[in-house]
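All chains, please: the whole structure from these sequences, using the hints.
One-letter residues, chain by chain:
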Amino acid sequence: MLRVTVMFTPSHTAEDQSVSFAGSRLILPCISVGNVGQLAVDLLINTLRLPRAGHLHHPSLLPLAGSGAYSHTSGLLHTAAEVYHSSELKITVVQMRTPVAKVNVFFIRCVSACCRLQGRSREFCDAFLQWVQSSSFSDTVLLTSSHAHERIDSQIQGTPLRYVLSPSVSSSLHSHLSEDLDWSSLEPRSSSSSNTAPTTSQETDGTPGVLDKSQLFFPGSGLAKKLYLKWSSEGVPMVVLVLFSYQGDNVKEALQLATSLDSWLHLRDSSSILKDKKAWHPPPSWDLMYGGPSPHSLF
Amino acid sequence: MDFGISLDPLAVSQRHTLYDSDSEDEEDESQRPREPADSGGRRSSDFLTGRTLLVGVGSTASLFVRSFVCLGDAPSLSLPAEPVSTVARRKVSQFVDDRRGPPEVAAVEFYVAEGNGEWVASVQPALQRAEYSNRWTEKVFEQGKPSHVVVYVCLSLHDYFNPSPLDEDTLHVVRELRSSVWPHPLEGVALEPPNSVKGETAAVLTYCELQGIPCRVQILYASSSLTEAEKAMCFLPSLEHLAKSLPKSLSIRDEEEGELVCKKIQPKKRTDLATLYT
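Residue numbers (my numbering), protein chains in the order written: chain A, 1 to 299; chain B, 1001 to 1278.
If you're looking for bench data, these hints aren't it; they were derived computationally from the structure.
The reader is advised that the hints may include incorrect statements.
Stretch by stretch, here's where chain B covers chain A in the computed footprint (C-beta under 8 Å, at least three residues) [what the hints assert, rightly or not]:
1) 61-72
2) 77-87
3) 284-292
All residues carry an ideal CB built from backbone N, CA and C; glycine is no exception.
Given below as structure tokens:
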């Protein structure tokens, strides 16, 4: 079996072609319900004016191309997956605009009982892991969302934000997130008991905030579960931020997720180029999010 | 943000990707389709090396390339019609009676333009599913590294997002994308966000961007009220300008001659519909 790695290609327009990600914090979104993670990453890149370091490519990623997605990247060609890096803020942000390909969705359903024809998500997760490990990131923050209608009673009240930690994350981070920021860890829950109350224990092997496969339930979160389980087992320090949301106008959820992330990492405060430390600046690609103006001939 | 495939409000079919985490697919390693690794260093030939490649993606763009560029009568290179994911196809055919037409194939045909042979055209009249676009692109560029790549594609005018409403009499809009190493200044209007291209067009442009190959994409957003020949002719000014800007000479048919060829080779309308309701 040939192994295909995620290929990082430095941007031809990058000032520093030999950018190093070592020691920086990786922030990446999952394509999930409402695209909340992607929208939040859009806000981060555009507001912090992060320079593009390069592109990511994998055969499983559906291709896409456009231009001028952000205010500071006018005229640049954008592709399906890109890497933005700030040495000042010590963050590396990946923006993913397309999902991972299915081999053949229609036929998978038809023949799944007879033979296993599956998607390429696991191949992509493995390849992505190789790139993450080779880049020596300090830790990883995964931004995703989950179906709000799947919440249980305890999740309906209070903030819709939850977090999950990988076993290799220090326990002090759990204390910081839960006590200083007043965030809640994701309630352990199996899919078979989706409407039951969570079990009393929220710990796996005594580690607070860490869940195993049987306890992890956030439907609609895309590859988040696969990435978390795979990368956790490989010892990648990882924090998954999950926001419960509905499909629709998800600008509000994106702002909430970005603000929550910023309250933890203080990115806007640390940025030297940002004058207004309180504002988020939506990118130009949001201008026609729900289509253009109505045609004159309609009236 | 509407800059992405999954964010297209009409792309409902993409929503299956949201449920990846639910389906817990346990993949069988032995049955997973084999994908080539990096195509670098594994090119099967140097057919494209040093040449300028014109790519017509979709029926209209393919018709344009074949009509207005003086090409050889027969393809100079035709790659075998190998199924893209052979393993998957074989498995499917065992269980499913294929009522959706013949299996999709990734046939690539190259025509050398008349003249000194420095221009090569590849036409892809039938668009493939997005899943196979990367594989198709790899097959194309396994034939060498072209000096320049120019892609023509025609999309529906209704898919074009414009900040201000288009005039009623607007029947087509031409926009442009190019890789960062394209050596010439922008000739037309750049594609505005959140418009984007997908499929083979995006795959070719992405490949060229990553490999440092100069690439330009001409995107025609055309009204459905235009005929195929009328749509195809909208590409002509850009091709003429391109032929002048690049050092390699290209033999282009004039407007009248090209239109005649275009009408001659365009797909004929079905004639059996006249008796459909009798």
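Evaluation of the provided hints:
1. Judged by the Cβ-Cβ criterion of 8 Å, the stretch 61-72 of chain A is covered by chain B as claimed, because 9 of its residues qualify and three suffice.
2. Counting residues of the stretch 77-87 of chain A whose CB falls under 8 Å from any CB of chain B gives 4; the rule of at least 3 is met.
3. Under the rule that three or more residues need a Cβ within less than 8 Å of chain B, the assignment of the stretch 284-292 of chain A holds, with 9 such residues.
This entry satisfies every hint, going by the numbered hints stated previously.
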